[in-house]
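Okay, here's what each chain looks like letter by letter:
Number of protein chains: 2
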Amino acid sequence: MLTETITTQITNALKAVADCGTVTDIFYVACGGSYALMLPNQYAVERESSSIAGQALNAAEFKARAPKRLGKGSVVILCSHSGTTPETVEAAKIARAAGALTISLTHVPGSPLDEASEHTINYTHAPMSMSAEHSPAVLARLTFGILAAREGSKLVVDIDAGLAKIGGIVDKAIADQKEAIAAYAEAHKREPVIYTMASGANYGPAYSYAICIYQEMQWIHSACIHAGEYFHGPFEITDFDVPFVQLVGVGASRSVDERALAFAQKYSQRMTVLDAKALGVDEMPASVAEYLQPLVFSSVLRAYADKLADAKGHPLSVRRYMWKMEY
Amino acid sequence: MLTETITTQITNALKAVADCGTVTDIFYVACGGSYALMLPNQYAVERESSSIAGQALNAAEFKARAPKRLGKGSVVILCSHSGTTPETVEAAKIARAAGALTISLTHVPGSPLDEASEHTINYTHAPMSMSAEHSPAVLARLTFGILAAREGSKLVVDIDAGLAKIGGIVDKAIADQKEAIAAYAEAHKREPVIYTMASGANYGPAYSYAICIYQEMQWIHSACIHAGEYFHGPFEITDFDVPFVQLVGVGASRSVDERALAFAQKYSQRMTVLDAKALGVDEMPASVAEYLQPLVFSSVLRAYADKLADAKGHPLSVRRYMWKMEY
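Heads up: the sequence lines are chains A and B, in that order.
Numbering-wise (full-length UniProt numbering), the first sequence opens with residue 1 and increments by one.
Numbering-wise (full-length UniProt numbering), the second sequence opens with residue 1 and increments by one.
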């Protein structure tokens, strides 16, 4: 039963983290779109923490890999929208048995993941909008809350300030992009292959768009190319008619994105470019804009997906295998 | 000037690791195919080390991310075949300036990466064969040598025993696969999209095959799908005519591979399956077979690539952009 507010749930989970004897590792464990939400958090821990190692793993891989560092010094953060993903529920049980502190995100109170975890946060779900209570925002609040609790990081204050603005930023960005979104949908409705490309914290939303939107929901072949890896293999498939959706971020990895974009734009006539600056990401505090930009990209990309689905006559809800059979 | 043997170079690098005050992190830093070689090493550190965190990063991402844990407690292992990859050379300089111990692999003595690093190992290069002096073997010897030096791990003995057999295993596997390789090449020579799939330690060679062979050397659209992620998005693009090359490994993640294979084989008629057991990987000590199997897969996959290139009349050496222009 949901009796606490989301903020109270987060506060309680962070109090447990503060009361831990030691924290050496944060494992971020989930599958698919939920796994993609974890990637910017691993990125943030690596950039900001001197004493904690962060690692995002697919839940089946987590079980198989059985990280030797998993134990009493570990916080394991898990996410499953339905709370029923078997691999993620099992990962929570494994983590808890190893003595780790488990904190789970799910939309469904009372779900198996909720039951399996010590702390649960029941986030808000509403695509094409964003708030401090959406799942990726809850993850950022947890990550920077842990860094505050364990290392005295002050960035959580800026995270909260950024999240207070993010709803308005996303609404405006989607409204501003209306014509670009319509043009993209018409131009790509018959494409058999569309790549996504990003780096840094934005690899997560670009990966999610490739595997959850293109492959899963639109049956379009895709891969998420890391912009730094692009020049060491993938760029050879670039040609005038090969479409890419590229995210250009703010912060440390922007130059990596810009280098890939400069090349790709020269040889492909099919680039769709989403620039964090044009989407208003810079209205958030500069100290955390790079960590929160994936939330803006993912919401805006969902608007791109929605319109593409309309143009193709292939609703985002259609599946041929998922939820329809045992697998 | 190459005056030391490869084994002496490794021994000297490991002596420096043993003499370090502390080692909290190993960063594996490279680009493209060399980055792919790093992934099984991150995997091994996560499975086997209780005190050291392992992290593989593209070199441009490493520079941008600027991990806060990078410092005197870090060993940074880098690789560039030519020793001239600018991002990797720069990463070595950044790591060294931060106080980390730098160990580089390159085929070219006196190259910029050699010059930038404290220790260099000049590995043997000969595709479609394998030995203890090939680059992925040198990486395994370093990784398990570090675990021996810092944590007393005994596995390096089994690594050496496995590497003593691996040349023969690879030669036999390629000979045994001759008909399968010829059939694969003919069946795939006109395919515009071919996926690869793997999990665990074998994600590295499957990623390399997708980005270096298909995208770079054959101009075929591709993505490496993690077998655990497959069910959370990518599996929806599976159809009777969609080709996959799947690696089925030995060890902890085999069940992840088998689950994906069982589904994919049901809905695609175009599965090419390479099973580590059929390739003779089990002849190596069971304690390390899962860590050394990527070396067998990558060598056998190169034989698959060679034959595909013949069937397409598109040599593996052809490029349209790489080495031909500034980028």
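Please note that the accuracy of each hint is not assured.
Below, a list of computed lysine-lysine pairs in the DSS-like style, where the Cα atoms sit at most 30 Å apart [what the hints assert, rightly or not]:
| # | chain 1 | residue 1 | chain 2 | residue 2 |
| --- | --- | --- | --- | --- |
| 1 | A | Lys266 | B | Lys15 |
| 2 | A | Lys165 | B | Lys68 |
| 3 | B | Lys266 | B | Lys277 |
| 4 | B | Lys312 | A | Lys68 |
| 5 | A | Lys68 | B | Lys172 |
| 6 | B | Lys154 | B | Lys178 |
| 7 | B | Lys266 | A | Lys277 |
| 8 | A | Lys154 | B | Lys189 |
| 9 | A | Lys154 | A | Lys165 |
| 10 | A | Lys15 | B | Lys178 |
| 11 | B | Lys72 | A | Lys72 |
| 12 | A | Lys68 | A | Lys15 |
| 13 | A | Lys72 | B | Lys266 |
| 14 | B | Lys178 | A | Lys68 |
| 15 | A | Lys72 | A | Lys15 |
| 16 | A | Lys189 | B | Lys266 |
| 17 | A | Lys68 | B | Lys189 |
| 18 | B | Lys266 | A | Lys324 |
| 19 | B | Lys93 | A | Lys312 |
| 20 | A | Lys324 | A | Lys172 |
| 21 | B | Lys178 | B | Lys189 |
| 22 | A | Lys312 | A | Lys324 |
| 23 | B | Lys189 | A | Lys189 |
| 24 | B | Lys154 | A | Lys72 |
| 25 | B | Lys165 | B | Lys68 |
| 26 | B | Lys93 | B | Lys72 |
| 27 | B | Lys68 | A | Lys266 |
| 28 | A | Lys312 | A | Lys266 |
| 29 | B | Lys178 | A | Lys266 |
| 30 | B | Lys172 | B | Lys154 |
| 31 | B | Lys72 | A | Lys154 |
| 32 | A | Lys68 | B | Lys324 |
Think of the hints as simulated: they come from the structure by calculation, not from any bench.
Legend entry - Which numbered hints fail: 1, 4, 5, 6, 7, 8, 10, 13, 14, 17, 19, 20, 25, 27, 29, 32
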